[in-house]
Structure formats: C-alpha cells, structure tokens
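Residue numbers (my numbering), protein chains in the order written: chain A, 1229 to 1539; chain B, 1229 to 1539.
Quick caveat, the hints were computed from the structure, so don't treat them as lab data.
One or more of the hints may lead you astray.
Remember, identical chains collapse to one label, so a pair may be satisfied in a single copy or spanning two.
As the list claims (entries may be wrong) - Below, computed lysine-lysine pairings styled on BS3-like, alpha-carbon distance capped at 30 Å:
1. K1374 <-> K1285
2. K1530 <-> K1374
3. K1285 <-> K1417
4. K1359 <-> K1530
Protein chains: 2
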Amino acid sequence: MAVHRIGIIGLGKIAQDQHLPVIKSNPDFELLAVSSTRGLSHEDAKYTFQDYRELLKLPDVDAVSICTPPQVRHQIAREALLAGKSVLLEKPPAATLSELEDLRVLAAKTGKVVFTTWHAQYNKAVDEAKKALAGWSIKRLLVTWKEDVRHWHPGQQWIWEAGGFGVFDPGINALSIVTRIMPEPVFIKTSSLEFPANRDAPIAANLTFSMSHGQGDLQAVFDWRQTGPQTWDIEVETEAGMQLKLTHGGSCLEINGRVVVQEEPAEYQGIYRRFDALLTIGHSEVDDAPFRLVADAFMIGKREQVDAFED
Amino acid sequence: MAVHRIGIIGLGKIAQDQHLPVIKSNPDFELLAVSSTRGLSHEDAKYTFQDYRELLKLPDVDAVSICTPPQVRHQIAREALLAGKSVLLEKPPAATLSELEDLRVLAAKTGKVVFTTWHAQYNKAVDEAKKALAGWSIKRLLVTWKEDVRHWHPGQQWIWEAGGFGVFDPGINALSIVTRIMPEPVFIKTSSLEFPANRDAPIAANLTFSMSHGQGDLQAVFDWRQTGPQTWDIEVETEAGMQLKLTHGGSCLEINGRVVVQEEPAEYQGIYRRFDALLTIGHSEVDDAPFRLVADAFMIGKREQVDAFED
Chain A
1229 MAVHRIGIIG LGKIAQDQHL PVIKSNPDFE LLAVSSTRGL SHEDAKYTFQ
1279 DYRELLKLPD VDAVSICTPP QVRHQIAREA LLAGKSVLLE KPPAATLSEL
1329 EDLRVLAAKT GKVVFTTWHA QYNKAVDEAK KALAGWSIKR LLVTWKEDVR
1379 HWHPGQQWIW EAGGFGVFDP GINALSIVTR IMPEPVFIKT SSLEFPANRD
1429 APIAANLTFS MSHGQGDLQA VFDWRQTGPQ TWDIEVETEA GMQLKLTHGG
1479 SCLEINGRVV VQEEPAEYQG IYRRFDALLT IGHSEVDDAP FRLVADAFMI
1529 GKREQVDAFE D
Chain B
1229 MAVHRIGIIG LGKIAQDQHL PVIKSNPDFE LLAVSSTRGL SHEDAKYTFQ
1279 DYRELLKLPD VDAVSICTPP QVRHQIAREA LLAGKSVLLE KPPAATLSEL
1329 EDLRVLAAKT GKVVFTTWHA QYNKAVDEAK KALAGWSIKR LLVTWKEDVR
1379 HWHPGQQWIW EAGGFGVFDP GINALSIVTR IMPEPVFIKT SSLEFPANRD
1429 APIAANLTFS MSHGQGDLQA VFDWRQTGPQ TWDIEVETEA GMQLKLTHGG
1479 SCLEINGRVV VQEEPAEYQG IYRRFDALLT IGHSEVDDAP FRLVADAFMI
1529 GKREQVDAFE D
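Chain A extracted, bound-state conformation:
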C-alpha cells in the first residue's frame, strides 16, 4: 500500500498533542510539510511554511490535515481540494453547516477525499456499543456531559462568543457518539439553553430527543459548571431490557453491569487508520449528523438567562 504524504496546516495544541505523534507512529503516513502562521516548525517535517498556500503548491503532498481554528477551515479546505489534495478536518469541520455542505459538494466534484473527524467515533467501546444496539428498540437514552469549563478552557474567550458554541463544544462530542451508536436517527424535540448574562454562548443545555419509532425517554444534559469529578456518560436501555453504559467519554463500555471494554482513549490512532482506508479507496466521509443536531438545538432552543459567569 502506498504511503500517504501529508501536510499539517495549523500547529496548535491539537496538532502538537495528537496529529504529529500519531502520524509519526503510523507507517501509512509520512509527514512532509507543516504550515503555521506563527512560524512554528517541526523536526519531522521536510518543509515548513507560514502561508498554507505555499504548502498546497507542493506537488508531493497527497493530503492535508486542517488543525486551524474552525473559522478558517472552510476556505483552506476549499483551496486544498482545488489544489488536488485530500483533506482531514479537525472538529468541528467548519463554522457553519452550509460551509460543510459546500465541502461535500466540492469533494464530489474534485474526486478528492474529505474526512470529518468526530470525537470518539473510532473508539472500540463505541464500536461495540453500536453493534450491541443494532436492531433493538430504544426505551431510554440519558446523556450526561458535565465538565468544568474553567479547567478545560481557561481564558478561551472565543468559545463564549457567538459562533463559539459554548457548552456544545464538548456537547458535540456526546452527540457524535449518540449519532454513531443509536440504531436509528434521533431528532431534537426540545432544547433549553442557559446563557450567562455576560456571555453570547450557552453554559448549559437540556435536550430531549425523539426517534421515528417508539416513545422512548431520550435526554441529554450538558453543563459546564461541574466542579469535582467530571462526567461524560451515555446510558441506553432497550425495550428488551438491555442496559448499556458508555463512560469516560466513550472509552469504557458496560453492558448489563459487566465491563465489556475498558481502555485508554486511542482516538487519533483510529482516526488516522480510517483516513488511510478512505484515501486508499478514494472515498469521502462527510458526516454532518452531530453538527446538524447542534444547529437544530440552537434553532429551536429556548433561551434562559442565568447568572453571569467569569472564568
């Protein structure tokens, strides 16, 4: 199998912590170039650029991973596709759904691969949960995603701005697992969004869902004000009585009280294995389901004002 020669655009925390070491450890990829507006370089990369447009001119680059902030991803991805490069998109894949749809259309036009990466979708626990639930009717879903924003996003003002998604920044991770494991699509039925008086993005959200069949009790609770232990759990109960619980952000799985999978998250290893497979067969994977649920939650959401929040 040919090795994919890859460039990384944007050398922020996620590129440094995940993409670079995972690419290095995967023999199907060779890091050829990086670009960083701040002028950062990396020892493994043959070429370094400040302007990603220079990177896109390299004929040897087959694919790029776009690790910039979401606001500029669409424009960079467009130019990459038009330059004949395949594209891996960090999450969220674009600033809006319409931008993502544009990339889907452009992938088809150019024949290049676009791959939207969502949290935990390639974890073993998530795979096993999906298999266990396939074909069953769902009676109950409870998503509890509660974390301490002061710990995870200290001083990051942009997540509190309009378009910064607020508590949906972690919440979309939960939704990406839900859309993966549920045997049928879920739809947002009601949405309640808590906006701090001094902020333009929600700090907490309560969602209820429906499915096409059945009258299940389907809910999600997102909260960014959780101190002490952090909670990233998804519980599902089937009509037939199976109890399934994903914990630790989708890395551990219990079924009927028995531990089925318990592992350290190896999300990005799975992402790059998947990207290799997609590049080899020339097939795009543009999954907009988690993003659509977020947009639906904002569109039909009832806004409640809560106490001002300072971090």
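On the provided structure of chain A, position chain B as indicated by the hints.
Structure of chain B alone, referenced to chain A:
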C-alpha cells in the same frame, strides 16, 4: 401523461387559499381525498378523513400534499412514504434539519418522490434573475425583508415560541430566493438576532454573508416591526456593474433600471407544475439550503434583547 391522484393532509389557510384551487385548475392532478383533524371536508374530494392514516390506506392515492403545521410534518411524511405515496411538503418542510435529512434518506430508500416547496422559487422573475446572474461575480447583495407582524400573523402565538422561527418565518422566503438566484453558495458570516424581552423568537435579524470568491458586501435585514409600506426586496450588483432588483417578494424584476418581469405572484401554479414533472420522472427535490442558512443564523447568532412586543 397520467393524472396524479392526490390527497391533501391538513386543511388550514394555505390549503384552502392555494393548494385546493391550484390543484383544481391543473389537469395533471385529480383531488381524491382530504384529511382534517377538525373534520373539514371539501366538495372536490371523493373521500374525507379525520385521521390522515385512513387517507394513506387508499391504494388509489399516488401522492399527498402535507399542509399541517411543521411540527407534525416529518411523522406524517414518513408514514406516507412507507405507505408508497409521494410527498409534497409545505414550507418549512420539517421542524428541524435532522428531520428533513431523514426524509431525504427515506425518499431514496422507498423510491418515492419528496418535494420541498420554498417561497417564490418558481416565479418567472426569480428564474430570470437566476439566469441573469449565472456566471457573474457578485459585488453586493442587499436583502430587505420588512413587514408588519401584527398584520400578517395576528394572535399567532406559536411563531413567537422557541422553534416558531420568529422573523425567519418570512425571512426564509428571502433566503429561498437568495439560494436560488446566486451563482454560488452563500454562507452566513455574522448574525445578530433581536429577541423581545417577552418572546422566545427573534423579531428582527441582521445577517452578513460570504461567498467562496470575492469580498462582496452581502447583507440581509429582516424586521417584523415595519408599519406602512411593506418591503420584500432583493438587490444584487455584479462586479461587472449589472444592477438587479427583485421586488414584491420575488414577483417583479428590474435589471439596470428596466422592468424585465412584472406579474402577479403565481407561486403555487409553479409549484404544482414542478411537482407534476418530478412525479412523472420519479425524481425527488429535497432542497435544504434555505433551512440550513436559518439554522446557521441561529447557531452562530448573537442575541440582543430588545423591548417587549405585544401584538
């Protein structure tokens, strides 16, 4: 060409004012049945039901027009498709984007036609505007959609509730014209939403757009507080200097100051001509672009509180 035997589900104002007379005047359609939860009947229909499920059991019905409130459209459309009927959806076609996506998937699975109808897309003025703009670079877009909610929606509390869309109820009409006539997709760049202190939906919105090419000045202003003359105008200027103006909600077109089309709106005639064509070739038309822009505007929108509004 075979005549399409049609049922109407939901006999509210839009069915009475538009669907029934337009079906009667179109020889390609035969009204076979109606269903109305309030027990209304219609002289042209052979069968009348209170429960739409009874209507869906009629083997002779080829297609249904769903004219109920949007909250229940998805469920009815699902059942209609599974019963082997093609479906025309009043606007908006569903309560959320995820519901609409589900119908797109189900249309493909069942081989039946799903047709999303959007405001004014079949007007001659809109067709001519689309042709005139094709291939040109856009320098300026100004959408001005200002009307008096007290006149058009007296006492309709649901449009002020979360999920009722507020000023996007008329605004989506403007967006459906914009997505139709612009030579390339537009993306919401910024969105400012004015919520009355006592309401859960916006009374006004200011949007800016971007396109993939160029740095045009692209804007939309929606306002529901307009008294006196009502304004439903779309102005476009190309880089090459063409000035195009659609007025009267997309029924009149001026290009460079010259009136090109001026006609009474004949929206539903165009909708049923299109539905006939789609049924004949067995092809669905699920256009989610206007709905996606609305969801994007809510998702990245900055909320401003304004004076309470009583109607």
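Exercise. Would you list, in rising numerical order, the hints stated earlier that this structure does not obey?
Key: Going through the list in order, the structure violates hints 1 and 4 and respects the others.
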